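Enquirer: Sequence:
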Amino acid sequence: MANTESALKDVMSSIEGAIGVALVDYGSGMALGTLGGEGTIDLNVAAAGNTDVVRAKARTMEMLKLNDTIEDILITLTGQYHVIRPLTSRSGKGLFLYLALDRQRANLAMARHQLKRIEAELEV
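Residues are numbered in this note's numbering as their position in the sequence shown, beginning at 1, plus a constant of 52.
No wet-lab data here; the hints were simulated from the structure. Just so it is clear, the structure is predicted and the values come from calculations on it, not from any experiment. All clues given are correct.
Cut-off 25 Å, straight-line C-alpha distance, at most; resulting in silico cross-link-like pairs (SDA-like, lysine to any residue):
#1 109 - 83
#2 61 - 80
#3 109 - 140
#4 109 - 134
#5 145 - 104
#6 117 - 107
#7 145 - 166
#8 145 - 64
#9 61 - 90
#10 168 - 146
#11 61 - 156
#12 145 - 165
#13 145 - 105
#14 168 - 113
#15 168 - 128
#16 61 - 175
#17 117 - 106
#18 61 - 93
Just the calculated beta-carbon pair ranges, DEER-fashion:
#19 155 - 117: 30 to 36 Å
#20 156 - 66: 15 to 21 Å
#21 123 - 91: 26 to 32 Å
#22 66 - 123: 16 to 22 Å
#23 90 - 155: 17 to 23 Å
#24 56 - 94: 15 to 21 Å
#25 54 - 126: 19 to 25 Å
#26 175 - 122: 18 to 24 Å
Each residue gets a CB set at the ideal place from its N, CA and C atoms; glycine is no exception.
Start from the sequences, fold in the hints, and give me the full structure.
Expert: Right, dumping it as structure tokens:
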């Protein structure tokens with residue numbers, strides 16, 4: 053099992069095109085840990101803003117009476133991909149990983165696969 057710091061380092065080293073990553077508490081909108089993003093993206097602002105995205109999607113699913121869970125949320129920009137992956141472990145309830153990728157350098161399918169692996173190994 054990986055702790056927060058080693059999981060964030062794993063994201064940045066194993067995912068091609070990674071710009072920055074954050075572990076976020078979507079109850080408070082606070083980043084519990086960040087890595088990368090320097091000069092490109094303010095990960096604390098992204099953490100707070102994407103908390104609203106996760107909350108809105110969860111509310112919508114509830115209103116639609118969808119008995120399902122969010123695997124990940126993808127936001128596609130012209131120059132970046134942003135991937136939001138809620139943690140599924142009992143200790144990770146209420147948390148999500150946020151990953152910003154350089155669209156020119158990233159392989160989205162591989163990034164999602166790696167993020168899923170890292171999320172499964174993360175012990176919070």
